[in-house]
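The whole structure should be built from the sequences, with the hints applied where relevant.
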Amino acid sequence: MARFVAHGSLRLDAVVPEAMNEEALKVLADGVCGVPYGTPVAEAFPEGSFSRRLVELDRVAGALRSLVGPDPLIDHHHVHIREPEGGTAQPLHGDAIIDVRPDAFDVQLMYYPQEVTLEMGGTLSVPGSHLRRTNETDTGRYQNLRGQTRLVCPAGTVVIVHHGIWHGGRRNDSAVKRYMYKIRFNPTVRQVRLWNTGDLADPAVAEELRTRFPWYENAAGRLEYHNRVRLWRALTGDDSFDLDHWVTRVTNRPNRVSRSHA
Amino acid sequence: MKRQQVLVLYLAHSGLDAAVLGWASYDGTGLTNPTTGDSDEPPYDSGVAALRDGWRLIQASQLIPPGKGEEYDVSFLKHEFWFEKLVDVG
Numbered sequence: 001m002a003r004f005v006a007h008g009s010l011r012l013d014a015v016v017p018e019a020m021n022e023e024a025l026k027v028l029a030d031g032v033c034g035v036p037y038g039t040p041v042a043e044a045f046p047e048g049s050f051s052r053r054l055v056e057l058d059r060v061a062g063a064l065r066s067l068v069g070p071d072p073l074i075d076h077h078h079v080h081i082r083e084p085e086g087g088t089a090q091p092l093h094g095d096a097i098i099d100v101r102p103d104a105f106d107v108q109l110m111y112y113p114q115e116v117t118l119e120m121g122g123t124l125s126v127p128g129s130h131l132r133r134t135n136e137t138d139t140g141r142y143q144n145l146r147g148q149t150r151l152v153c154p155a156g157t158v159v160i161v162h163h164g165i166w167h168g169g170r171r172n173d174s175a176v177k178r179y180m181y182k183i184r185f186n187p188t189v190r191q192v193r194l195w196n197t198g199d200l201a202d203p204a205v206a207e208e209l210r211t212r213f214p215w216y217e218n219a220a221g222r223l224e225y226h227n228r229v230r231l232w233r234a235l236t237g238d239d240s241f242d243l244d245h246w247v248t249r250v251t252n253r254p255n256r257v258s259r260s261h262a
Numbered sequence: 263m264k265r266q267q268v269l270v271l272y273l274a275h276s277g278l279d280a281a282v283l284g285w286a287s288y289d290g291t292g293l294t295n296p297t298t299g300d301s302d303e304p305p306y307d308s309g310v311a312a313l314r315d316g317w318r319l320i321q322a323s324q325l326i327p328p329g330k331g332e333e334y335d336v337s338f339l340k341h342e343f344w345f346e347k348l349v350d351v352g
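Chains U and V supply the protein sequences, listed in that same order.
Take the first sequence: its position 236, counted from the start at 1, is 236 in my numbering, and no numbers get skipped.
Just add 262 to the spot in the second sequence (first one is 1) and you have my numbering.
Treat the hints with care, since some could be wrong.
Pair by pair, the computed Cβ-Cβ distance ranges are [to be verified]:
no., chain 1, residue 1, chain 2, residue 2, range
1, U, Pro-17, V, Thr-291, 44 to 54 Å
2, U, Val-79, V, Pro-327, 23 to 33 Å
3, U, Val-250, V, Thr-294, 38 to 48 Å
4, V, Asp-289, U, Arg-65, 44 to 54 Å
5, U, Thr-117, V, Asp-289, 21 to 31 Å
6, U, Pro-214, V, Leu-293, 22 to 32 Å
Residues from chain U shown here face chain V by an in silico Cβ test under 7 Å; the list is partial [as the list claims (entries may be wrong)]:
no., residue
7, Arg-132
8, Arg-133
9, Tyr-142
10, Arg-146
What the hints contain is simulated information worked out from the structure, not anything from laboratory work.
Quick caveat: nothing in here was measured; it's all calculated off a predicted structure.
Cβ coordinates follow ideal geometry from the N, Cα and C atoms, glycine included.
Right under this line is the structure:
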């Protein structure tokens, strides 16, 4: 979870079995039926359907449960296709509209049924961009950032991202049509300690939260730590947590009166 | 006949000698077609390195203090510098 809070994403390589990946190519080529916004999973995806089996794979279900809790709603789902040899890259963007909730977040599942090579234009994403307050394609001017991720992955990979992550489908320079299936989930419960929290005191947690990305400016990078601490406090319910005094220092408003002035 | 090439660099701080963190380019000659996610390596290490290679600075972002209550918000990259080259296309 600390890694997700720092990076804004969780990657599960080849988590979907080969037989399902083969099935997916036909299912996704045929398209998926839209569902009303905010439909419970069980209603949106009938028992036995491809989408239901995908979200119920052990590791996928476990990740979703940890991030958005039980009984999330399906915001929407969509098949993204990058046509071969041509087309254009999407501008770098965040989905939906600017969303600055400090104590809740949606996640988007991105499923890749094929092996994705660099030439196939796998999704571009920017680690650590999810807390930036920007609106949709207003970031389209940014073509490349140091430390960006140009997805290259084995078939059956699932990436789950925070709603705010900057991303975009890259230009497909290969001869292969590339598929990506996206599902957005809205939580229905408070996102507090929804994951296995047995290791909260492990120093590795703070180390993950201290991850600094190469595209951060010197000054704004410090604000990223501050804002991550605020999110971690919300997710753990621990208002005393801090990294290197970033939040404590600037919220210190002592009430005690000095004895020499009493 | 001349055409404009444009380079946008995003730097680590407000000085032009700061390290490049992000970049974009647009080519009015039509000879190249830069786009989103086409490179992991920046064209220059700093803004000054671009000047030394003949790029002319045409705009630098202003330094604007945060609004009250927005001091800890992060948003767009702050230190944006626009450069141009005029290229003879015959």
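Checked hints:
1. U/Pro-17 <-> V/Thr-291: 44 to 54 Å: Given about 49 Å between the Cβ atoms, the range holds.
2. U/Val-79 <-> V/Pro-327: 23 to 33 Å: violated (45 Å)
3. U/Val-250 <-> V/Thr-294: 38 to 48 Å: holds (46 Å)
4. V/Asp-289 <-> U/Arg-65: 44 to 54 Å: holds (48 Å)
5. U/Thr-117 <-> V/Asp-289: 21 to 31 Å: Once the Cβ atoms are compared, 26 Å apart, the range 21 to 31 Å for V/Asp-289 and U/Thr-117 holds.
6. U/Pro-214 <-> V/Leu-293: 22 to 32 Å: holds (30 Å)
7. Arg-132: holds (5 Å)
8. Arg-133: Hint on U/Arg-133: holds, closest Cβ of chain V at ~5 Å, below 7 Å.
9. Tyr-142: The hint holds - U/Tyr-142 has a Cβ within 7 Å of chain V, the shortest such distance being about 5 Å.
10. Arg-146: Holds. Min distance 5 Å.
When the structure is compared with the earlier hints, a violation turns up for hint 2 alone.
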